[in-house]
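Under our numbering, think of the first position of the sequence shown as 49, with each following residue one higher.
Read the hints as simulated data drawn from the structure, not as lab findings. Keep in mind that a hint or two might mislead.
In silico lysine-lysine, DSBU-like type, Cα no more than 35 Å apart, as pairs [as the list claims (entries may be wrong)]:
| hint | residue 1 | residue 2 |
| --- | --- | --- |
| 1 | K134 | K315 |
| 2 | K126 | K232 |
| 3 | K102 | K232 |
| 4 | K345 | K189 |
| 5 | K102 | K346 |
| 6 | K345 | K102 |
| 7 | K136 | K71 |
| 8 | K174 | K189 |
| 9 | K174 | K315 |
| 10 | K71 | K134 |
| 11 | K189 | K346 |
| 12 | K102 | K174 |
| 13 | K232 | K71 |
| 14 | K315 | K136 |
With beta-carbon atoms standing in for the labels, derived distance ranges [unchecked claim]:
| hint | residue 1 | residue 2 | range |
| --- | --- | --- | --- |
| 15 | N54 | L283 | 51 to 61 Å |
| 16 | V244 | C173 | 32 to 42 Å |
| 17 | S275 | R186 | 25 to 35 Å |
| 18 | V75 | I240 | 37 to 47 Å |
The C-beta atom is built at its ideal place from N, Cα and C for all residues, glycine as well.
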Amino acid sequence: MEKINNVTEFIFWGLSQSPEIEKVCFVVFSVFYIIILLGNLLIMLTVCLNNLFKSPMYFFLSFLSLVDICYSSVTAPKMIVDLLAKDKTISYVGCMLQLFGVHFFGCTEIFILTVMAYDRYVAICKPLHYMTIMDQERCNKMLLGTWVGGFLHSIIQVALVVQLPFCGPNEIDHYFCDVHPVLKLACTDTYIVGGVVTVNSGTIALGSFVILLISYSIILVSLRTQSAEGRRKALSTCGSHIAVVIIFFGPCTFMYMRPDTTFSEDKMVAVFYTIITPMLNPLIYTLRNAEVKNAMKKLWGRNVFLEAKGK
49 MEKINNVTEF IFWGLSQSPE IEKVCFVVFS VFYIIILLGN LLIMLTVCLN
99 NLFKSPMYFF LSFLSLVDIC YSSVTAPKMI VDLLAKDKTI SYVGCMLQLF
149 GVHFFGCTEI FILTVMAYDR YVAICKPLHY MTIMDQERCN KMLLGTWVGG
199 FLHSIIQVAL VVQLPFCGPN EIDHYFCDVH PVLKLACTDT YIVGGVVTVN
249 SGTIALGSFV ILLISYSIIL VSLRTQSAEG RRKALSTCGS HIAVVIIFFG
299 PCTFMYMRPD TTFSEDKMVA VFYTIITPML NPLIYTLRNA EVKNAMKKLW
349 GRNVFLEAKG K
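I would like the entire structure built from these sequences, with the hints used as guidance.
Right, dumping it as structure tokens:
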């Protein structure tokens, strides 16, 4: 069957149909996006200027912040602008690029969180061999694997969508292009494609979540043999990781571990993993991690000293 594609652009319904609510959302999400940029940039700057890249935990944390910035930037700026726009449109090519970006950076974040859990497992359960196992070469390979894995996942998602015919309508009941809302607009049977999408995304989300649960369960069990101070430090670090995992994987599992269907709640759920989680990550990691807080204090203290000396 010849592919028919009469659609050159898509129209978003957005978060709300009420102008008053959209104005409030514009202010709120503008503030959220600024926090995402400043918070994650601060973590990257702190890790870089304090030479914390030598520590695997902060090496991966800095790249998690980079991914958070990229991930939220795929959807947030467009959504914020559309909140005050009369016509919320996006070109067909722009839609496919946005779909690619959402799944590329989202999947990469899942893999980085999984790698960070493995790092904590080695640090707590095999402390004597930690620097041997988590050397710089292995960290670089693991990081490269997260990016390659995210790219392959996203390419599969986009490839499944671009081969579908779109002949109208072109209105998407969402604020960004995601697989399930876009599949609803295809003028052909998408049962098989939808199933492949669910298996692809669902396997990654659920599989990584199970691995994370097992890792942290082993870590918590092993803490029983450590000193009170050791337990406190380990729980402080792992607690922040577990909080991020729950906030991120809960909504992702709801969205992608199900058949090719859409619900009215999808937009609100998507806000959590595209905006709320990237905003909370810097707060969670800095508030619960003493070493990051101390590094930030040293960084700002040094800058204040240099400014005072310059005067």
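Structure versus earlier hints, numbers of those that do not hold, lowest first: 3 and 9
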